[in-house]
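Visitor: So the protein lines, in turn, are chains F and X. When the letters of the first sequence are read in order and numbered with full-length UniProt numbering, they come out as residues 1 to 227. When the letters of the second sequence are read in order and numbered with full-length UniProt numbering, they come out as residues 1 to 331.
Worth flagging that the hints you see were computed from the coordinates, not collected in a lab. All of these numbers come straight from a predicted model, not from anything done at the bench. Ideal Cβ positions, reconstructed from N, Cα and C, are used throughout, including at glycine. Mixed in with the good hints there might be a few duds.
[What the hints assert, rightly or not] Beta-carbon label-pair distances, calculated as ranges:
#1 F/Asn165 x X/Asn234: 19 to 29 Å
#2 X/Asp91 x F/Arg159: 49 to 59 Å
#3 F/Gly183 x X/Arg137: 35 to 45 Å
#4 X/Gly193 x F/Asp44: 57 to 67 Å
#5 X/Leu239 x F/Leu163: 49 to 59 Å
[Unchecked claim] No farther apart than 35 Å at their CA atoms in a straight line, the calculated lysine-lysine pairs in the DSBU-like style are these:
#6 F/Lys202 x F/Lys69
#7 X/Lys168 x F/Lys202
#8 F/Lys202 x X/Lys144
#9 F/Lys48 x F/Lys60
#10 F/Lys48 x F/Lys69
#11 F/Lys202 x F/Lys48
Read off the chains here:
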Amino acid sequence: MADASRPFAGLASVSVPEDTPVEGDISVPVHATSPDDDELSTLDEPVKETILRDLRAVAKKFVHVLYPKQSSELLRDWDLWGPLLLCVTLALLLQGGAAPRSGDQGGPQFAEVFIIVWFGSIVITLNSKLLGGTISFFQSLCVLGYCILPLTAAMVVCRLVLLGNLGGAGFAARLAAVAASFGWSAFASSAFLAGSQPPNRKGLAVYPVFLFYFVIGWMILTFSPAA
Amino acid sequence: HNMSAGPGRASAEPWGSFDEPVVQGGGGSAVIDMENMDDTSGSSFEDMGEMHQRMKEEEEVAAEAADADDQDGDFLGMKGFKGQLGRQVADEVWQVGKRQASRAFNLYANIDILRPYFDVEPAQVDGRLIESMIPGRMINFPQKIAGELYGPLMLVFTLVAILLHGMKTSGTVIREGTLMGTAIGTCFGYWLGVSSLIYFLAYLLNAQITLLQTLSLLGYGLFGHCAVLLVSYNVHVHLLFYTLWLLLGGLSTLRMVSALLSRTVGATPRLLLCATASALHMLFLLYLHFAYHKMVEGLLDSLEGSNLAAMQRVARDVEQVRINSTAALAM
Chain F
1 MADASRPFAG LASVSVPEDT PVEGDISVPV HATSPDDDEL STLDEPVKET ILRDLRAVAK
61 KFVHVLYPKQ SSELLRDWDL WGPLLLCVTL ALLLQGGAAP RSGDQGGPQF AEVFIIVWFG
121 SIVITLNSKL LGGTISFFQS LCVLGYCILP LTAAMVVCRL VLLGNLGGAG FAARLAAVAA
181 SFGWSAFASS AFLAGSQPPN RKGLAVYPVF LFYFVIGWMI LTFSPAA
Chain X
1 HNMSAGPGRA SAEPWGSFDE PVVQGGGGSA VIDMENMDDT SGSSFEDMGE MHQRMKEEEE
61 VAAEAADADD QDGDFLGMKG FKGQLGRQVA DEVWQVGKRQ ASRAFNLYAN IDILRPYFDV
121 EPAQVDGRLI ESMIPGRMIN FPQKIAGELY GPLMLVFTLV AILLHGMKTS GTVIREGTLM
181 GTAIGTCFGY WLGVSSLIYF LAYLLNAQIT LLQTLSLLGY GLFGHCAVLL VSYNVHVHLL
241 FYTLWLLLGG LSTLRMVSAL LSRTVGATPR LLLCATASAL HMLFLLYLHF AYHKMVEGLL
301 DSLEGSNLAA MQRVARDVEQ VRINSTAALA M
């Protein structure tokens with residue numbers, strides 16, 4: 001304590017920064033609460049607005065699938081809400097098919113449809129990556145999922161036709177609906193995905209996509225409700 | 001509470017022991033540390049009181065030692081003692097994150113490893129599909145076998161789709177599991193299992209073939225299967241199936257056999273390897289056709305469902321006729 005008098009002079013100058021952080025910490029919560037009117041902040045907006053904004057984004061992508069032009073909208077802001085929605089709708093519509101034999105479970109089950117859609121998209125995506133595609137994993141999943149939309153629509157048509165119980169004409173109508181929507185799905189998805197492939201390999205990347213939609217379309221066509 | 005702790009601690013500090021302002025800066029940072037600790041941990045006041053006491057004790061110790069670095073270390077150690085739970089959680093999160101990141105990285109690394117096997121042009125694939133039906137006649141010199149996986153993989157998936165169709169139209173019911181899983185399991189199981197078996201045999205019998213070439217050879221050999229099954233699941237004529245089985249299945253098997261022959265030396269190894277490969281390949285096609293054939297459904301359909309009503313009506317009619325006839329006889 002003999003040399004205590006010497007650093008006291010320094011302490012007077014240093015004690016200001018010593019106090020400053022404490023004051024700063026006190027004032028930080030005040031600052032954090034006051035500038036809240038930030039346009040980026042979505043914390044205090046109504047839940048309805050948030051949901052509606054997301055639904056609008058999904059609906060916009062549906063429109064892109066229905067009018068497939070070479071735009072990157074579907075690729076840029078990918079989301080998996082639409083695919084999930086379509087996949088669940090399709091699986092629910094395919095649920096409750098006729099059992100091949102009495103006492104067995106019904107036709108295509110929910111899990112089977114779900115697995116076909118997601119496993120198939122993942123395989124197609126990996127294939128396109130392996131062939132040297134430049135598209136990212138989730139972008140591809142997003143596009144393939146959204147392009148099920150025509151097939152889901154065809155499923156709704158098939159259900160309605162099956163309600164009518166039209167026989168041969170009904171089957172023809174279902175065949176036409178499924179064939180058209182299969183073509184639509186395949187065309188739309190290849191319009192979005194083919195751009196990311198090397199030009200000489202488009203055929204190789206598109207073949208599994210065709211197979212994928214063909215299997216789904218065939219499931220829809222062969223669906224018959226339980227009596 | 002804590003606000004007072006900072007300055008209180010500062011005032012309790014025997015400043016005389018410090019020589020340089022740098023050291024005091026270190027003390028300042030320690031105060032900030034404590035502030036943060038109080039903000040984030042949300043501990044109870046009892047804890048904080050205890051901590052304050054501990055801190056004071058340690059400060060006294062530190063004062064005695066008169067060593068700023070030591071004091072800093074003690075302070076950090078105390079923080080660790082207090083935030084042990086937090087650290088544990090953070091450690092766990094870090095571990096999980098690391099595992100996931102490494103898995104994702106491995107996936108991408110594997111993609112890069114696999115990429116050369118998918119390096120094909122559409123024309124090459126077409127050519128190889130046609131080649132898979134043309135047995136090579138040259139068996140004294142090793143035939144060229146392309147080491148490529150795109151074609152085989154796509155053929156296996158096509159076979160899965162065709163098998164699914166066959167199962168669905170034949171009304172196959174799988175008790176445990178789905179049709180999809182069974183179809184994928186059958187096709188991939190055959191492709192990978194038999195390829196490994198052939199590779200293992202080839203290794204034992206000293207044949208010049210790699211696992212990749214085996215996979216490619218057997219995979220392209222499935223082209224014949226796909227073609228035959230596509231027809232036989234839709235056109236239910238037995239003679240047609242047997243003809244196609246012998247023709248297309250035989251051709252693709254012969255192609256495999258000739259490729260294997262050309263890469264094996266000696267009569268016994270050749271016989272063993274080719275007999276195994278051709279028997280498995282031909283019998284697999286036969287199995288796929290008869291396991292999931294429409295014929296089964298036809299038999300079952302005639303026993304129940306919509307046909308059952310018709311049969312019942314016929315039986316009732318017959319009974320009526322019989323009753324009528326007995327009545328007529330009685331008269």
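Visitor: Does each hint fit the structure? Answer for all of them.
Guide: Going down the list of hints, with the structure as the test:
no. : hint                            : result
1   : F/Asn165 x X/Asn234: 19 to 29 Å : holds (26 Å)
2   : X/Asp91 x F/Arg159: 49 to 59 Å  : holds (53 Å)
3   : F/Gly183 x X/Arg137: 35 to 45 Å : holds (43 Å)
4   : X/Gly193 x F/Asp44: 57 to 67 Å  : holds (60 Å)
5   : X/Leu239 x F/Leu163: 49 to 59 Å : violated (41 Å)
6   : F/Lys202 x F/Lys69              : holds (17 Å)
7   : X/Lys168 x F/Lys202             : holds (31 Å)
8   : F/Lys202 x X/Lys144             : holds (27 Å)
9   : F/Lys48 x F/Lys60               : holds (18 Å)
10  : F/Lys48 x F/Lys69               : holds (31 Å)
11  : F/Lys202 x F/Lys48              : violated (42 Å)
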